Amino acid sequence: MTRLLIVDDERDIRYLYAAELEDEGFEVESAGNGADAAELLKHHHFDLVILDIQMKGESGLQLLQKIVKERTDLPVILCTAFSCYKEDFSSWLADGYIVKSSDLTELKKEVARVLKKKHL
Amino acid sequence: MLSGCCWNKETINTDECRFLHPGDDELLFNRKKRFLSRCLECPGFLEDLRQMNGNFDGLPGLFSYAIEDLLAQRAEICTLTSQAQARNREIRFLHEVGQVLQTSVAMDEVISMALTSITSGKGFGLNRAILLLVDKERQNLKGHVAVGPRSREEAGQIWHEIEELDYSLKDMSQIFFEKKMPSEKEKFSDLLEILSVPMSHNKHLFITTLNEQKTRHIKNLYQEPGIDPWQAENLGGGELLMVPLISRNRRIGLLLADNIINGRPITIEDVQSIETFALPVSFAIERTSLYERLQEELSKVTAANTQLREQQELILRMEKMALVGKIASNIAHTIRNPLTIIGGFARNLMKSTPQEDAKHTYIESIIRETRRLEEVLEEVLSYSESLHPTFDWWDINQLITGVFAGLRDDLKLNHVNCRFDLEPNLPKGKLDYKKISYCLRSLTTNAIEAMPAGGQIEIHSALCNDEIQITLTDTGPGMTAETIQSVTTPFFSTKDSGSGLGLSLCARILEEHGANLDITSEEGKGTTFTIRLKISREDEHDQTTDC
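These protein sequences, in sequence, are chains F and S. What the first sequence shows, in the working numbering, is residues 1 to 120, in sequence order. What the second sequence shows, in the working numbering, is residues 1001 to 1547, in sequence order.
Please note that a few of the clues may not be correct.
[Stated by the list, open to error] Pair by pair, the computed Cβ-Cβ distance ranges are:
{"hint": "1", "chain 1": "F", "residue 1": "His43", "chain 2": "S", "residue 2": "Pro1338", "range": "29 to 39 Å"}
{"hint": "2", "chain 1": "F", "residue 1": "Asp103", "chain 2": "S", "residue 2": "Glu1310", "range": "24 to 34 Å"}
{"hint": "3", "chain 1": "F", "residue 1": "Asp103", "chain 2": "S", "residue 2": "Val1324", "range": "43 to 53 Å"}
{"hint": "4", "chain 1": "S", "residue 1": "Lys1326", "chain 2": "F", "residue 2": "Arg11", "range": "21 to 31 Å"}
{"hint": "5", "chain 1": "S", "residue 1": "Phe1391", "chain 2": "F", "residue 2": "Lys69", "range": "22 to 32 Å"}
{"hint": "6", "chain 1": "F", "residue 1": "Glu39", "chain 2": "S", "residue 2": "Asn1516", "range": "40 to 50 Å"}
{"hint": "7", "chain 1": "S", "residue 1": "Phe1420", "chain 2": "F", "residue 2": "Glu39", "range": "45 to 55 Å"}
{"hint": "8", "chain 1": "F", "residue 1": "Asp23", "chain 2": "S", "residue 2": "Asp1518", "range": "45 to 55 Å"}
{"hint": "9", "chain 1": "F", "residue 1": "Arg11", "chain 2": "S", "residue 2": "Val1380", "range": "50 to 60 Å"}
{"hint": "10", "chain 1": "F", "residue 1": "Lys66", "chain 2": "S", "residue 2": "Glu1137", "range": "50 to 60 Å"}
Read the hints as simulated data drawn from the structure, not as lab findings. Values in this document were obtained by computation on a predicted structure and should not be read as measured data. Every residue, glycine too, gets a C-beta built ideally from N, C-alpha and C.
Modelling step: build the complete structure from the supplied sequences, incorporating the hints.
This is the structure:
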């Protein structure tokens, strides 16, 4: 089963994404900060990471750099509340990029697209 | 036996002396005056005197000495008068011409004045004057302009016109400068072309004259060594005056003058006058040429200033926008997350709530209202985003200079010299200013770091077909073919420090722009990065949007 890791410091966002993506048939785990996420990544296999950019403590972009450096095969979708992050050059390393919305259709489409690209 | 000449008669009739001139009536009754002005040059008198010399006791012999000396003095006075007249003419000239020469800052105005002075009857009155100037690069002595008639018919017509209208020298020069200069250049263009000589041609008559800084008065150009027979033939081959124009030992040009139409011999006075005249002309030409160069430099500085001001304004605007962006980002975070949670869970709940359930309508309301709020948020944020016009038509050279201006301190600190070779008037390219600037900055920083002991970076921009090429060459140690292969993969770095993201990001950015990054390197010599931006032209773009 495809395993996803959700990293967001907002608990309810983690719950919401997990609920919706599990409905889509994915196996989902989540972390509330960069350190927890790094720990999970070290010990478990994941097919995709959904990463919030602005988090307390270590930011999503810092974690992204670590992931890209150590796990070049692991795709990452960045989530943001504000699309201006697209202009931050370190965000250009991510495989996907979405602006948060209560309608999760966009997120689901992006997950499908990135996974498909990975399997090509 | 004396000749019967009239010298010893108190009064005479007109037919008694064949040396009388019209208007000499007074001399018929004034023996002293007649004797001094006419008899001294009369062969009859001189013969009588010679004969008398034998009859008288020595004294008349002394007369002949006195007369000889008197005649010599007269001749000298004549020469001096003619010289004085020439000097007078020069002073009058220099006074009239000097004002223009000293005040004008337009080279062609100065040249008009000089050549008109040489060719006009009110000036030195030579038939033709040709000016050759040393070009800006100091490579060639080039035919600049010539003045004068090309044929006898034209000469007659011009002289008639001048006589009729009685222009002053200054007026004539002004008319020439304003109306005739281009047509005169055109009229003599073939001759001016033929007379041009490379400065390196040391044995050529023109260059020798210029190098020796001495005026030459040539009687027969055909017999002169050091001149191309074809050039001599085109000049007419006869007598020619060549005056080098020198200002503070700097070779300015060469002035040629002759009397090609009427063939009047060039006198020593002509030579001296024109030589004197050439001095202020040389100064004036050099001054105007320096002034022109100064103007060019000034306009470059002004353009640079304008550009700087524009960039400062742009930076200021961007700073303001960055602040707006920060505020917007804060609002976004504070509002977006709760909206996502409320609306998201509502949608989630909706899936498990049957249509007939009363709560279905309530949940629908929550979804609808959150959607509305999200739309308002989107509108506000997209407005603040639209204030960041980074993806636009940009001037590549401006981008390059902007990036290097930002790196100036780094370059200086690391003893890296930069040499720019930017093609002017490149078409603007549609690109993301921040991203391409980042690329260029990364490449430059890499080059600086590759040369820890300092070196040189050459930046070249050019338009090749429909591509704008930006080439950056360093004098670093170079890279192996393997390294070149891997430099664009993320986190590859030959450096001990640094993230190693630079070049891989560059590659990604350029890929987004549909651009290529070529790397060539020679170990021990340096590396060249070439960015090739395939960019449709702005005008083409405008045409398509207009349609």
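Kindly confirm whether 43 to 53 Å is satisfied by the beta carbon distance between Asp103 (chain F) and Val1324 (chain S).
-> violated (27 Å)
Outcome for the supplied range 45 to 55 Å, where the beta carbon pair is Phe1420 (chain S) and Glu39 (chain F) = For Phe1420 (chain S) and Glu39 (chain F) the Cβ distance comes to about 51 Å; the hint holds.
Hint check for Val1380 (chain S) and Arg11 (chain F) - Cβ pair distance inside 50 to 60 Å | With Cβ atoms ~27 Å apart, the hint is violated.
Lys66 (chain F) paired with Glu1137 (chain S), Cβ distance criterion 50 to 60 Å | At roughly 59 Å between Cβ atoms, Glu1137 (chain S) and Lys66 (chain F) fall inside 50 to 60 Å, so the hint holds.
Verdict for Asp103 (chain F), Glu1310 (chain S) (Cβ pair) under range 24 to 34 Å = violated (43 Å)
Do the Cβ positions of His43 (chain F) and Pro1338 (chain S) conform to the proposed distance bound of 29 to 39 Å?
-> The hinted range 29 to 39 Å holds for His43 (chain F) and Pro1338 (chain S), with Cβ atoms some 33 Å apart.
Range hint 40 to 50 Å (beta carbons of Glu39 (chain F) and Asn1516 (chain S)) holds or violated | holds (41 Å)
Could you say whether the range 21 to 31 Å given as a hint is met by the Cβ separation of Lys1326 (chain S) and Arg11 (chain F)?
-> Given a distance of about 26 Å, which is inside 21 to 31 Å, the answer is holds.
Outcome of range test on Cβ distance (Asp23 (chain F), Asp1518 (chain S); 45 to 55 Å) | Holds, at about 49 Å.
Please test the hint of 22 to 32 Å on the beta carbon pair from Phe1391 (chain S) and Lys69 (chain F).
-> Between Phe1391 (chain S) and Lys69 (chain F), where Cβ atoms are some 29 Å apart, the hint holds.
Against the hints set out earlier in the document, violations occur for numbers 2, 3, 9.
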